[in-house]
Amino acid sequence: MPVISLYAGLRKIAGTRDLTLEGENLAGIIRGIGERYPSLVAAILDGDHLRPHIIITINGQNVDPERGLEIPLDANDHIAIFPPIAGG
Amino acid sequence: MAGWAEKILDIDLNTKTYKTYPLDMEMARSFIGGRGLGARLLWELVGPEVDPLSPENVLIFANGPLTATGYQTSNRFSVSTKSPLTGTILDANSGGFWGMQFKKAGYDVMIVRGRSEKPVWIEIKPGEVSFHDADDLWGMRVRAVTAKLGQNNNRRNVLCIGPAGENLSRIAAIMNDGERSLARGGPGAVMGSKNLKAIVVEGKDRPEIVDQERFKFLLYETRKLLAASPLTSQALPEFGTVVMMNIVNNVGALPTRNHQQSQFEGAEAISGETLTEKYLVKNASCWACPIGCTRVSRTEKVEGEGPEFETTWAFGAACGIDDLEAIIEANALCNDLGIDTISAGSTIACAMELSERGYIDSDLCFGRADLLARSVEDMAYRRDFGADMADGSLRMATKYGHPELSMSAKGMEMPAYDPRGMQGQGLLYATSNRGACHMRGNMLGLEVLGLPKLIDRFQVQGKSSFVILHQNSSASIDSLVLCKFTNMGVADEYFARMLSAVTGIQYATGDMIRVGERVWNLERLYNLREGFTRADDTLPPRLLNEALTEGPSQGWVVQLEPMLKEYYRGRGWDENGVPRPQKLAELELANL
Chain R
1 MPVISLYAGL
11 RKIAGTRDLT
21 LEGENLAGII
31 RGIGERYPSL
41 VAAILDGDHL
51 RPHIIITING
61 QNVDPERGLE
71 IPLDANDHIA
81 IFPPIAGG
Chain D
1 MAGWAEKILD
11 IDLNTKTYKT
21 YPLDMEMARS
31 FIGGRGLGAR
41 LLWELVGPEV
51 DPLSPENVLI
61 FANGPLTATG
71 YQTSNRFSVS
81 TKSPLTGTIL
91 DANSGGFWGM
101 QFKKAGYDVM
111 IVRGRSEKPV
121 WIEIKPGEVS
131 FHDADDLWGM
141 RVRAVTAKLG
151 QNNNRRNVLC
161 IGPAGENLSR
171 IAAIMNDGER
181 SLARGGPGAV
191 MGSKNLKAIV
201 VEGKDRPEIV
211 DQERFKFLLY
221 ETRKLLAASP
231 LTSQALPEFG
241 TVVMMNIVNN
251 VGALPTRNHQ
261 QSQFEGAEAI
271 SGETLTEKYL
281 VKNASCWACP
291 IGCTRVSRTE
301 KVEGEGPEFE
311 TTWAFGAACG
321 IDDLEAIIEA
331 NALCNDLGID
341 TISAGSTIAC
351 AMELSERGYI
361 DSDLCFGRAD
371 LLARSVEDMA
381 YRRDFGADMA
391 DGSLRMATKY
401 GHPELSMSAK
411 GMEMPAYDPR
421 GMQGQGLLYA
431 TSNRGACHMR
441 GNMLGLEVLG
451 LPKLIDRFQV
461 QGKSSFVILH
471 QNSSASIDSL
481 VLCKFTNMGV
491 ADEYFARMLS
501 AVTGIQYATG
511 DMIRVGERVW
521 NLERLYNLRE
531 GFTRADDTLP
541 PRLLNEALTE
551 GPSQGWVVQL
561 EPMLKEYYRG
571 RGWDENGVPR
581 PQKLAELELA
591 NL
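Protein chains in written order, with our numbering: chain R, 1 to 88; chain D, 1 to 592.
This is chain D alone, in the form it adopts within the complex:
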């Protein structure tokens, strides 16, 4: 069948052997690829008895049927695993070039099982898989490993972990193509636990496409739509994602000093406008992406991709730091050490509050830009207090008796939006299957930017239906796997039409949303099987009980409970958040 390579590569690191076998195409039709396929396979492979950092956990790398076809942003891929940070189901996805290359090597999915006795790296070429000793690579940073293993964007691509993954930091990322990351939830620690330093791929053939004429037409249409949209043709390329800083701050939704305030007086200094004016070198883009939102920035000490909005917020407003140079350097360091910037920055912010309140003995305090780099290094190498920070804010704050100071949901640090000023975002964080996340749907468009239409950000009633729609849509796009920015210029309908053209299977827009709903419910079932309950669909007490005292969101807390009840009903779940049998039957999940 076209689109899919119809092949799974299954690697056992215990024995350093591999096998290949056909992808179950019924499964592929229902879950498409990427996050969806990853969730379905993880359901079978990793049960509640498995410790995330044990050899029994697996890493599932998956692309989608559009990957490497040349469709706009068809470069992405995902990794699915059980998260060592949250204990939930996890997937993280990334752009760049590696995903495209992996598809061209002839695989839809790679499952990595077991644990190598000694450090190892894997080399994949069409029809060939080899295992190499990685003793000389262990301890090396990401840029050095990537260069040493021969990164070449269009021919040979490197995915690896840095010291953070080797040292089993629960917020460690897997890095690809040097500076791209599968960041959230600690997949780098799972890779480190397997003594797997890197996976290098060389591909050859693009996937088969059933209807070339229709494919070319939709490619042309999509190019026109992306060029016509001021969001994808001007806003993202001109200022990058950091342009969000001023608007989110303006409406009083920028979490500041570990969510103690929601406006930061230094926002302008760390904004996209300032980044562009003072530090931008050039734009960059992923494979087959005409948007080009990536910023390459430079200070006296570093030059590299980023920082993105979330990173700039995490090391900036969250830590009370308005030194953009220090933030750029912290971002570069995170990429080189292989660590999630959101969780790293938010964990430092939590440590700063613990320190200022006298709960820990540390020189960390809000505004100390000079301590950012040291803190990131300490985390990655588990040095001194960094050993506590390496496991994320919730474990750290719990150890010192104040879990309430961790700004996380299900143990994952929240991104750059204070949900007291965006009620729907609060529901989204609380119900996100991998923990607090802005990529599992994001209410920023509706609640602040007016995309596609402005809704009242403080309104509670009726908000759950928007959240559900966004969650399902994001799960669908993550299963294709495409970049969500494409969706700012191109409607879901185009993705369905393109999927039909490539695979020959007719998908309508509704089918794609149904795929997303199926994936969301499967992830929910996974978490329930792990022992998560309604009680875990919550937010830090600060956001539920402490009203903001100033700014445009003054007086607000998150009104979670009424939204959650409405959400469960809207999802077809019972009052405890368990999918009802009828819903599971409707989604063809009843046999699980």
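Okay, chain R solo, but in the shape it has when bound:
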């Protein structure tokens, strides 16, 4: 099952750092998150779209929010979800 890592303020909302969820694509995974952690998915999605400045990577490669969330996943994929972050 894909592993989902949460960062910054999302950890407090979910009460955990990592999740494992079944899902054939990213949209399915996020729907699964919504079932278990409604407040977490509310922090990530606005309707069917990612909220501004939410960053998702799959195996370290950015998901382009403009291309949607119907991205196929493999069982060993690592998904990272970041809330709005800034710095440097």
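Think of the hints as simulated: they come from the structure by calculation, not from any bench. Predicted, not measured: the structure shown is a model, and the values here were computed from it. A couple of the hints might just be wrong.
[Stated by the list, open to error] Capping the alpha-carbon separation at 35 Å, the derived lysine-lysine pairs in DSBU-like fashion look like this:
#1 D:Lys453 with R:Lys12
#2 R:Lys12 with D:Lys278
#3 D:Lys204 with R:Lys12
#4 D:Lys453 with D:Lys216
#5 D:Lys484 with D:Lys453
#6 D:Lys282 with D:Lys7
#7 R:Lys12 with D:Lys583
#8 D:Lys282 with D:Lys125
#9 D:Lys583 with D:Lys484
#10 D:Lys125 with D:Lys16
#11 R:Lys12 with D:Lys148
#12 R:Lys12 with D:Lys118
#13 D:Lys301 with D:Lys282
#14 D:Lys16 with D:Lys216
#15 D:Lys278 with D:Lys301
#16 D:Lys484 with D:Lys278
#17 D:Lys7 with D:Lys118
#18 D:Lys484 with D:Lys148
Once you have looked at the hints, place chain D on chain R.
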């Protein structure tokens, strides 16, 4: 004219005298303040014959027309000089309170020339400048000097050097308000070379504002925008800049063990999340800043501001160290000794690799958190091997026959992004006028964070236009002088409108970007006059030739050459990176 104080304070340490004279307002209109004005004045004052550590070099402290008006983040100021680390033009800027106080003392610019025979400190009050013997302060650390000279955030502010500056470390910082720093490129060594320990300012009056109603409206608008942006209202205050650690590591762009890898297995242990959970005491902020990104952290041994992301990376991943407590303590030590944390950490990382490869005889090796504090102290006091580290990684690695192990550009240590995983950042480092720098534009937003829009971080073609835009924008903001974090919630347009409201001169957004382009080209001309060439617009061979062997950036080197060609064209420079006459005329630089 409102905004500007219209006055330069010119100090000669040879004679311990000073004079004041009007700021050239045509120059001010074209270069605004801070970095821009500093570059323009340095062009006149310090030529290629001047050694950076000689009395003929100058320090130019400059604020901007918005400074001390109360506009959000209008606390910053800059110092310009010829860098003893790189030999390039240098400016560094800092927040806190000192810049605001200096403006309220009635000056836009202070030029410090010459060299005092004995240690001295300067006290500036409105209409009054005095020189004081600093024999009793010489050798003291930053916190002690700052307290002794009466630091009071809203009334009296202290800027000083620590032992690193006194000992002419080429990576020495100038510190202000105790823990803020004009860090990069060694301005602390220039101040040390002048036997100048400290400059204390007391101000009085805020600058005049032409259109108060418009000013108040824009102040209100900006406050709303900063509060509405999750970046400036939540991300920065909640986790500080160190929150970058996990994302940069996640995408395989976190330089690790002197750039031998680009992911660090200990990133979580040194992340913003861990800092907040275990060591955060409270937030702090600079004058007139509603963002409050500063972290005050505490261990059993120290309490102080920071560490920031770059510092945590430099003493952490770069050195293969996952001991956040040791990193916090190294940061506090750097602030107290007056030394640039990025260059210090990166130089230690370089020494660790030199040692592991057997090129030097040292106990330094990756992961030795217990050696961080000693290494920083050795650098600041030029003790033992610290004498080599004190001059930065390139001089040190060159001395031992392996300059290729210095992770620097133009001699300045690179910050916390491996450009093999962020191609645009590579071009940015290679072309940065003060050497490798993430504050001369930063592609992190576009290439990783998707701010304002995500672009392919591995793409090469077309990348130069983004780099140029960011470089010009950063030069513009540095000339105002505002904090770049403001720009995460507020568009450049607001800065132009605010500048117009304060000064009465109408600036459009395009005018501000043009100011930035003018400053960038002037800095380029300065470096060309110093003898820098196209060959200096490069990166360490490791980044150009050694592909990463694992992680999300696996297989990549920096494709610099095609980006550089495109960049020169985009800049209106010839194939050797020399601005064409037409470009200089367009920027009103043809007479230089």
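Status of each hint after checking the structure:
1. D:Lys453 with R:Lys12: OK: D:Lys453 and R:Lys12 at ~27 Å, within 35 Å.
2. R:Lys12 with D:Lys278: Distance ~15 Å between R:Lys12 and D:Lys278 Cα, so the pair holds.
3. D:Lys204 with R:Lys12: 45 Å, violated
4. D:Lys453 with D:Lys216: 31 Å, holds
5. D:Lys484 with D:Lys453: 18 Å, holds
6. D:Lys282 with D:Lys7: 38 Å, violated
7. R:Lys12 with D:Lys583: Distance ~53 Å between R:Lys12 and D:Lys583 Cα, so the pair is violated.
8. D:Lys282 with D:Lys125: Holds, at roughly 32 Å.
9. D:Lys583 with D:Lys484: Roughly 27 Å separates the two Cα atoms, so the pair holds.
10. D:Lys125 with D:Lys16: Status holds; Cα separation ~16 Å.
11. R:Lys12 with D:Lys148: 43 Å, violated
12. R:Lys12 with D:Lys118: It is violated: about 56 Å lies between the C-alpha atoms, which goes past 35 Å.
13. D:Lys301 with D:Lys282: 17 Å, holds
14. D:Lys16 with D:Lys216: Roughly 42 Å between the alpha carbons, so the hint for D:Lys16 and D:Lys216 is violated.
15. D:Lys278 with D:Lys301: Answer holds: D:Lys278 to D:Lys301 is near 14 Å, not above 35 Å.
16. D:Lys484 with D:Lys278: 28 Å, holds
17. D:Lys7 with D:Lys118: Status holds; Cα separation ~28 Å.
18. D:Lys484 with D:Lys148: Given that 35 Å is the threshold and the Cα spacing comes to 32 Å, the pair holds.
In summary, the numbered hints that this structure violates are 3, 6, 7, 11, 12, 14.
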